[in-house]
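Chemist: Please work from the sequences and hints to get the whole structure.
Going line by line, the protein sequences match chains A and B. Residue 2 is where the first sequence starts when you use this note's numbering, and the numbers rise one by one after that. Residue 40 is where the second sequence starts when you use this note's numbering, and the numbers rise one by one after that.
Calculated directly from the structure, the hints in this document are not laboratory data. Just so it is clear, CB atoms sit at the ideal spot from N, CA and C, and this is done for glycine as well. Any given hint could turn out to be false.
Stated by the list, open to error - Per the computed footprint, the stretches of chain B lying under chain A, defined by three or more beta-carbons under 8 Å from a beta-carbon of chain A, are:
hint	segment
1	109-115
2	161-169
3	399-406
4	440-446
5	472-483
6	570-578
What the hints assert, rightly or not - Each computed SDA-like pair below joins lysine to any residue, with the alpha-carbon atoms no more than 25 Å apart:
hint	chain 1	residue 1	chain 2	residue 2
7	A	22	B	211
8	A	132	B	192
9	B	546	B	588
10	B	133	A	100
11	A	64	B	446
12	A	351	A	266
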Amino acid sequence: MINSLFLINPSGEIFLEKHWKSVVSRSVCDYFLEAKEKALEPEDVPPVIHTPHHYLISIYRDKLFFLSVIQTEVPPLFVIEFLHRVAEMIQDYFGECSETVVKDHMVMVYELLEEMLDNGFPLATESNVLKEMIRPPTILRSVVNTLTGTSNVGDTLPTGQLSTIPWRRAGVRYTNNEAYFDVVEEIDAILDQSGTTVFAEIQGVVEACVKLSGMPDLTLSFMNPRLLDDVSFHPCVRYKLWESERVLSFIPPDGNFTLMTYHVNAQNLVAIPVYVKQSISFFECGSDGRLDVTVGPKQTMGKTVEGVMVTVHLPKTILSINLTATQGSYTYDNGTKLLVWDIGKLNPQKLPNLRGSLSLQAGAPKPEENPSLNIDLKIQQLAISGLKVNRLDMFGEKYKPFKGVKYITKAGKFQVRT
Amino acid sequence: MNGHRGFSVLRSEAAGAVRTALVSAENLQLTLKTELSQEEQHLTPHTHTNGGPDETHTKGYCTEVNEDLKEMLESNKESLKLEAMKRVVGLIAKGKNASELFPAVVKNVASKNIELKKLVYVYLVRYAEEQQDLALLSISTFQRALKDPNQLIRASALRVLSSIRVPIIVPIMMLAIKEAASDMSPYVRKTSAHAIQKLYSLDQDQKELLIEVIEKLLKDKSTLVAGSVVMAFEEVCPDRIDLIHKNYRKLCNLLVDVEEWGQVVIISMLTRYARTQFTSPWKEDGVFDEHNERAFYESDEEKTRDETEAKPYMMDPDHRLLLRNTKPLLQSRNTAVVMSVAQLYWHLAPKNEVSIVTKSLVRLLRSHREVQYIVLQNIATMSIQRKGMFEPYMKSFYVRSTDATHIKSLKLEILTSLANEANISTILREFQTYVKSQDKQFAAGTIQAIGRCATNISEVTDTCLNGLVLLLSNRDETVVAESVVVIRKLLQIQPTQHSDIIKHMAKLFDNITVPMARASILWLMGEYCERVPKIAPDVLRKMAKSFTSEEDIVKLQTVNLAAKLYLTNSKQTKLLTQYILNLGKYDQNYDIRDRTRFIRQLIVPNDKNGALSKYAHRILLAPKPASVLESAYKDRDRYQLGTLSHTINTKASGYLELSDWPAVAPDKSVRNVEVIEPGKEWAPSLGKTGKSKPAKSSDDKFYSDSGEEEEEEEGSGSSSSEDGSGSSSSEESGSDAESHVQKNSSQSSEESDKSSSQSEKSSSESDSEKERKTKTPLQKKTVKPTAKDGDSDENGNVAKEANSSSAEESSSDSESDSDTHTDSDSGTEHKKKTKSKAKPKLSGPAFVPEKSHDLLHRMTGKGLSAQYQFPRQPCLYQPTMVSVQISLTNTTDHPLEQIHIGDRSPTGLNIHCFNTIECLEPEASVTVFIGIDFNDSTQAANFQLCTKEDHFSVSIQPAIGELLLPITMTELDFRKEQSKLLGMNESSATITMAAENMTSQPISRPVATVANLGVVPSSQDNVHRFAGKTASSGAVVLVMVELRESSTALITINTEKSVMGSMLLRDLKLALAQA
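Modeler: In structure tokens form, the structure reads like this:
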């Protein structure tokens, strides 16, 4: 299946290679680097490249390219999904996924990759299993290791590998037993010039941080499960029970994990929390234009909208801008023509406004299209779809866990066309 | 949560820092040369980018570094070796050559330090191929490790041994694989499945032997092995479909429990399998057959063929099993799994079921960019054939300015395919936004898309054309050029009406510089020169002026235009044409020279070629069919969806074709498994008692529940398919079947003559469904011996027991739930539910001859006679009631009307009455059930039995034993309970018994006759224990009969209801003394 993996940084340097079958020369990456040169943005590099002898499947994530070399037919999603798991594993082990982190822990990353695949077929991808085989670095452990000569590598088969619940290891112990759930909802929307909604939907995810001893069996129920239209679960969730009773019943993995992702029923109208009044215009004759953007709260269910940010990709022909913001501050990068207006909290009494003039390069034609605005926002303690967790019950263990649920609404791909 | 994360980041950073500090300190102490290695590390990027001259330089460093590492590896200190190995592996990771160190490294292969050992393994696997002779030194170590008691060590030894690509050791590998394939540990067996592929790629001659191992491993029941062995199967012998037959059902049933990567592989294999073994489910719908590449609404020919095969289509139960078992996987978090289920449904499901995958595929569009790319590609292929599937989700394919280029074009593709008369206006409005996009490539793509919509939907052709004409005045060249090209294609379809568009384009001609667009306009001029007789020659005049500076493609079209004009309007253009032909004759491009020569010969009449020039008009101005604007994904469906081949649109190496459906299904019976091994994890029905694998202890895990349940159904399905009777029950959708079965189980108490197999089935089914918490293998185990002890001589009793026990289980739901938390003495977490349930568990009643009592004599009842008996079944209406069965008989010669229950005393008496019997014919009798809450006393229940005319006072006096319900418990629990009920709660008596009654069976019989108690399995021969609880209050009643010498027996009764205890004791004394 997966023959080799190369990690490549944006400048095209290959800084890690791993082969699970016989060695493939790194010159194979030249095809990829060629494609990368052609693409304007790193995101535009095609994920699947066909070379005379190999197939290259790559992902771009956290400013790194993960490039895998394939020799025979394999579902491309299989490889892509695995590459993302590698990135997630690095993130999970070292706190972030970046070139420096990988370079700092080169050997450990290499050992992990060795454990994850055997002959190119996934062997252990559950982080709980991996962590038993190769323990993640901590201060205490590295000190102990240097002093006593013990190692980070486990010498017995992780219990999870053999059980039907590979995501949880046996013998978990905590002094404080706690289970936290974050219900995070994202609004994807496209608004047109006049502010009417072209398209809007809500995607949600329930992130969990469960630190419970033993083998707890949890049941999470919602007040209004009918809202959920389409769901996908962590493998721990018992699907039959969801089907019949609409509750989430599961033996959780240890630590942080994504319990479920969901899509809210399309029939429900999506409340759009903010409105944007904008006008961007360029004068036909002179090399000048005006920009005027106001953001205000709309349907916020009485909560404050925070972290509002407006991002605009200005046309390439813009020479310079001169704007004033009544609230927050804006930054403008003349190289990428990226204007970012960081507003912060929305105050309904005094609406933030950004206005000023844009000047075009001399002689450049008036831009065809006005740039669209990407909005970012956050509302604490509110799930915009109205989803509510009803209760969480624990069976199987005798202690009383500390439980908590948090709701957050964010803007996903929230775009205003102008 | 974020706080936690932040902290751990800090911690790991600090850890890194401390570690580097420690390491560097160590290095400094040891040798100064390490400094060089650090320097060398800094140089790394440079060497790569500069290449060439620097390389020799680094090599110099390398050797020095290597010397240093060699020293460290050969030292005695473990920590030094480890450090050296880490640096060596670091070199490998960076892609540096560290093969020189091979001798020094291989010595450490037998190290005790597990981390060091692993690093050596890593090294070996990387370099063994290059240093085969030296690698052999390590083999004996692995052979030893293959016998290690630790499964991880066995597995990793096999992993490394099989990864060393040295042909000499093939026999050793073969042996190791064979042995590992029968290892106790499933993990080792999994590793052996991986090793099969490695050995096969090393030496293809081993194929036959390897197939044997695969065959053996395919039979493995561990979910851990399943994915890996199927992978090996696909790689080594994908054509040996016969190996799958016997394992097909098992694989289907295990599927949900297999790890996600294995699922992908198994699903794709099963897709291929199903296409060879089942008949097409599509024909009946009259839907197109995808291999005829015909749109589905023109399938007339197909229909006629269908009629000839008039046989109605009946889906093979195995086919259905596959579809049903893969469906829950659509909810997987792994995108590859979702995609593979989607392609399975696409290729195998009846057409009306395919759309269930839509939602999940649309969900994947929220995932990473790369996932989107692949999924959109597949949707593009699907949407061409079946618009309806994705039309409701049209808006999910709207393009955002932030999408990557290839995502944008795919979305465009899909939107175009989805367009129909109803939604075209919405789509066109959306397209209008896209055309203005700053990404001009995308804008051009949109224009093509508009063109496609215009050809597909004739209603909007004009609108589109006008819109495109407006775009001709766009400032951007790419947009204009694309518009011209698309307009040309559209005009070709209906050229008659559009001469003004052509005129407009001629006007724009001077401003258009993109060659393709200019060429298109010229072609249009030539083709329709008769419609624009004034303009065309003028355009030619302009072209003659600029001919030399045009691009080749424009030149060709100019020659073309000249030739056509010459034929239609030679008066005006003769000279121009000759001029252009002369220019072309001396052009640098041979294509143009050739064309010019050809055209000249064709159109200019001379002596030699008169024959052809007669036809010149017909040759050049023949009506040309409009080119069809088609999707690039039109014929992608020849590849299986979700495959690499589908993505790159060429056959990837190792791609396995999906075969056509067979016209006649091959023998179905090959999938039948003759013997269902008892006591294994998948034994059906009663077999739950024998769950042998501890890891499989997740009776609370839904996946295995469903698995088991499917097995049940599969069992019945297979048998029915054998004897030819339709398998309607397995055809039903899952939930239906279950609810149906549940109903069954609750009715089963009334229908006494249910077949045993069915009741067993229903009980186990309702278990897995509703009572997953209460259900346990243990209970089953205990019920069984009870029955055997009591009634092994009477056939059919067992069945009856199973019947009622299942009814009890389902009726006592609420009660058992509340009990879940009371128990706390659980041992392992897995068994906790099992145990907590074991205590209050109701068991079936022992069989006793039913004794009926007179309720109403026919004389006093004026012809209505009534008898009652205690059926000893838990009351359906309320758990605290005792159920009473009343038979009413009409002995008169006229019908009795409206028989019902009237006033009752004591007034608080809680009776669940039967429904009023409207009419009872003469000589007819009817049996009804009522429930009475006796409140744990033998006080008679008095009530009136009424007919239309009369009221008769009747009373039911229960025997104390009928107020009890049997429960099952273990001996241990019995003792525990008993120890809680001493003193006042205990009553006992010694009686004399006949000697022949000293065996257990005659004892339990009279006891059962007296009281409705359950038998507790006993370890001592002379002690018999019985347990029950009172119906109303649920107080435990324990009876122990201890046989002593000289035919005496001690009866002990423990219950907190001491009155009941003493009354029961009296009854028992009476019964046993008689015996």
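Chemist: Now, for every hint given, state plainly whether the structure supports it.
Modeler: Now the hints, each set against the structure:
Under a criterion of three residues with beta carbons nearer than 8 Å to beta carbons of chain A, the stated coverage of the segment 109-115 of chain B fails, only 0 such residues being counted. As drawn, the segment 161-169 of chain B meets chain A at 3 residues by the rule of a beta-carbon pair under 8 Å; at three or more, the given contact holds. Interface restraint, the segment 399-406 of chain B with chain A: holds (4 residues with C-beta to C-beta distance below 8 Å; minimum three). Counting residues of the segment 440-446 of chain B whose CB lies closer than 8 Å to any CB of chain A gives 5, which reaches the minimum of 3, so the coverage claim holds.
With 4 residues bearing a CB less than 8 Å from a CB of chain A, the segment 472-483 of chain B meets the requirement of three and the coverage assertion stands. Judged by the Cβ-Cβ criterion of 8 Å, the segment 570-578 of chain B is not covered by chain A as claimed, because only 0 of its residues qualify and three are needed. For the proposed pair residue 22 of chain A and residue 211 of chain B, the alpha carbon gap of about 19 Å is at most 25 Å, so the pair holds. In summary, the hint linking residue 132 of chain A to residue 192 of chain B is supported, as the alpha carbons are separated by about 17 Å, within the 25 Å threshold.
Under the criterion of a C-alpha separation no larger than 25 Å, the hint pairing residue 546 of chain B with residue 588 of chain B is consistent with the structure, at around 20 Å. At most 25 Å may separate the alpha-carbon atoms for a hinted pair to count; residue 133 of chain B and residue 100 of chain A meet this at roughly 13 Å. The suggested pairing of residue 64 of chain A with residue 446 of chain B holds, with an alpha-carbon distance near 19 Å, which does not exceed 25 Å. At most 25 Å may separate the alpha-carbon atoms for a hinted pair to count; residue 351 of chain A and residue 266 of chain A exceed this at roughly 35 Å.
When the structure is compared with the earlier hints, violations turn up for hints 1, 6, 12 and for no others.
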